[in-house]
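Chains as they are written, first to last, in the working numbering: chain A, 21 to 158; chain B, 21 to 158; chain C, 21 to 158; chain D, 21 to 158; chain E, 21 to 158; chain F, 21 to 158.
Rather than coming from a laboratory, the hints here were simulated on the basis of the structure.
Quick caveat, the model's predicted, so the values are computed rather than measured.
There could be a bad hint or two in this list.
Treat identical chains as interchangeable: a pair holds within one or across any two.
[What the hints assert, rightly or not] Cross-link-like lysine to any residue pairs, in silico, SDA-like; alpha carbons within 25 Å at most:
1) 48 <-> 158
2) 134 <-> 110
3) 23 <-> 141
4) 79 <-> 28
Spelled out from the first residue to the last, the chains are:
There are 6 protein chains.
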Amino acid sequence: MDKKVAIFRKEHFNAAHRLFVPEWDDAKNEEVFGKCSNPNYHGHNYDLVIKIVGVPDPKTGYVMNLKTLSDIIQENVLDKFDHKNLNLDTTYFKKLNPTAENIAIIIYEILREKIDSKFDLFVRLYETERNFIEYPVK
Amino acid sequence: MDKKVAIFRKEHFNAAHRLFVPEWDDAKNEEVFGKCSNPNYHGHNYDLVIKIVGVPDPKTGYVMNLKTLSDIIQENVLDKFDHKNLNLDTTYFKKLNPTAENIAIIIYEILREKIDSKFDLFVRLYETERNFIEYPVK
Amino acid sequence: MDKKVAIFRKEHFNAAHRLFVPEWDDAKNEEVFGKCSNPNYHGHNYDLVIKIVGVPDPKTGYVMNLKTLSDIIQENVLDKFDHKNLNLDTTYFKKLNPTAENIAIIIYEILREKIDSKFDLFVRLYETERNFIEYPVK
Amino acid sequence: MDKKVAIFRKEHFNAAHRLFVPEWDDAKNEEVFGKCSNPNYHGHNYDLVIKIVGVPDPKTGYVMNLKTLSDIIQENVLDKFDHKNLNLDTTYFKKLNPTAENIAIIIYEILREKIDSKFDLFVRLYETERNFIEYPVK
Amino acid sequence: MDKKVAIFRKEHFNAAHRLFVPEWDDAKNEEVFGKCSNPNYHGHNYDLVIKIVGVPDPKTGYVMNLKTLSDIIQENVLDKFDHKNLNLDTTYFKKLNPTAENIAIIIYEILREKIDSKFDLFVRLYETERNFIEYPVK
Amino acid sequence: MDKKVAIFRKEHFNAAHRLFVPEWDDAKNEEVFGKCSNPNYHGHNYDLVIKIVGVPDPKTGYVMNLKTLSDIIQENVLDKFDHKNLNLDTTYFKKLNPTAENIAIIIYEILREKIDSKFDLFVRLYETERNFIEYPVK
Chain A
21 MDKKVAIFRK EHFNAAHRLF VPEWDDAKNE EVFGKCSNPN YHGHNYDLVI KIVGVPDPKT
81 GYVMNLKTLS DIIQENVLDK FDHKNLNLDT TYFKKLNPTA ENIAIIIYEI LREKIDSKFD
141 LFVRLYETER NFIEYPVK
Chain B
21 MDKKVAIFRK EHFNAAHRLF VPEWDDAKNE EVFGKCSNPN YHGHNYDLVI KIVGVPDPKT
81 GYVMNLKTLS DIIQENVLDK FDHKNLNLDT TYFKKLNPTA ENIAIIIYEI LREKIDSKFD
141 LFVRLYETER NFIEYPVK
Chain C
21 MDKKVAIFRK EHFNAAHRLF VPEWDDAKNE EVFGKCSNPN YHGHNYDLVI KIVGVPDPKT
81 GYVMNLKTLS DIIQENVLDK FDHKNLNLDT TYFKKLNPTA ENIAIIIYEI LREKIDSKFD
141 LFVRLYETER NFIEYPVK
Chain D
21 MDKKVAIFRK EHFNAAHRLF VPEWDDAKNE EVFGKCSNPN YHGHNYDLVI KIVGVPDPKT
81 GYVMNLKTLS DIIQENVLDK FDHKNLNLDT TYFKKLNPTA ENIAIIIYEI LREKIDSKFD
141 LFVRLYETER NFIEYPVK
Chain E
21 MDKKVAIFRK EHFNAAHRLF VPEWDDAKNE EVFGKCSNPN YHGHNYDLVI KIVGVPDPKT
81 GYVMNLKTLS DIIQENVLDK FDHKNLNLDT TYFKKLNPTA ENIAIIIYEI LREKIDSKFD
141 LFVRLYETER NFIEYPVK
Chain F
21 MDKKVAIFRK EHFNAAHRLF VPEWDDAKNE EVFGKCSNPN YHGHNYDLVI KIVGVPDPKT
81 GYVMNLKTLS DIIQENVLDK FDHKNLNLDT TYFKKLNPTA ENIAIIIYEI LREKIDSKFD
141 LFVRLYETER NFIEYPVK
């Protein structure tokens, strides 16, 4: 029976964002999102951990070359998000609130199209060292 | 289909404890628990990671406001355990040995009553950077 | 002879900023500041370590109560900078570029007025885990 | 019903290794493994996290004494791998490429024989802070 | 001219303590030391970093063998403090308040007698990740 | 008066090495260097922190662009040391024992020629999380 192994690659990006629901007024947004609804944005050093599950190649011993994985993340996620304003500079959060939950889901959907479907894919996103997210949940 | 996301909040507390079985003599306790059975107690900086699994609210993008989760942990766990002697100052470890396993189970049971039952709940407890616990196990 | 001890307190804040020189055009700003000159801002989880040097009180054994120090940092730095846009939401960086160097100098100048002059004061500011600053230099 | 708890113990070792497939020429090995195929070896500080799942003893509150677990890891893994050349100084990687995937599988197979079969066993291996592996996958 | 190099060794110990001034009443102690004056003690995972400054031996390239330094710290500090109650189980804090400042000074004084006087010696003590101390100050 | 600021940049490299004095026999080398004298080499993930002290440019607010500093470290240190055998693949440790002390001194000497002499330069090198070095010492 083939042995499944999970490989992980950690990357990071720095971005600004603002949390708010457009149809709510400022008072309601501040009540729900607190300081995170500051209209002039705030920001984070996001740490991103991508997990791939698959069977190691019997010759190379690699599930997938982590350099290849790192390049895919760089080109499809970091080049779009790093040193950007997530609300203004990306297409993903025009109508979707850029909570850590939604950022993780978007990153999953972006990468799912780029990673061979024979591999399972999971995203862990640290907004701060103390607040983080995993998607999907097994 | 609804998308389940796991959110994590990391908190910490500093406490003293002693591991021992009352019906055993000192020699037996030292044999089993080593330095951890010191009658005058020792202590730890415990790091506590609470994991909640649920579906993000389509409007806010939050599974649960992490500030709300942090407040629940503060009021129900940290206010009881932080800067306390777990054996003497809490009601939970009068007859139960305060191993990391048991502390994690107790924290789970405390929080399970405070967290909406639509959410799955998991506890990770670091006694030291090198010794840690997860409960429950999926 | 009195024994001098250094005490350190680590705090953090999340903020957005943009690096640029107003009298330069966009091309020149991008050449010098790269992605950091993005007009829509980006952001960081800043870690701030404040160092105080003084002689411990012979009775309490404290150079200064770290809780007091934490409150001073909270009121004078974090309440102004956390979840803010450093360029737009603070008075300090209207004409001063919010590089990590300048943020550290400003934090020093703010705290120097609030910390008893019998104590030496030093600021360490992490913009990321890999880029950080100390001011002043002994 | 018995409550299952996962306990974790983190250890580390420092080792040299080289990645290559013997039947490939140098150009092919460099194409696949990059700098990791350097014939004179390079090395890592490996962090190893062993996870054991079981039911805490009702008297001691321990799933397993972490000191006992640490001793088993020391004797069966660290004494063989620490400050060693994985390709030359161990018997495991004579024909098997010492990728992080394969090292994790080997460590699992070594420990599986030493850990009581009533416990589930999992291995997490950090080759660097940013590249890591888990085996087996639930 | 000889080149001075600083070498650092990080160790850790887990201990319980209580902060209070015996001639003060409980209200005064709680006012000054807050939760740290809990009569039943609390505890910490202390991280200890010892810094030695000297000239590397031209043959070995060592200022001092870090294994030797580690053994000296183990025998003279860790064996006395690890898994102990600093107030009750050691001789040093019978009349001296075990603040991080005083613990660092005591560790310095213990080690200064054991480390060759040709080396400069410095102590850094982390009580928590966010509260730490250095002694002496250059 | 100009305000001096210290800027830090953290990089890392993975390398193999062996500690030994060629004119000593194996027994003597093992007595002094222990497991570090293993003839087949072992390795480390070295973390390197470079500190530059200077006065921020009044217009840009930079002491030195950290991207420029990072590029200098990459080209002059990492390209030579990363994924290499320090004893065999570099010119620096043919006659010099690659202790952390000597690696730090060599990195200082390499970078001192590449960094403008108006800046002070300091090297911190982590061989492991628990063993590290600083050179020069102020």
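So which hints don't hold here, by number, going up?
Structure breaks hint 1 only.
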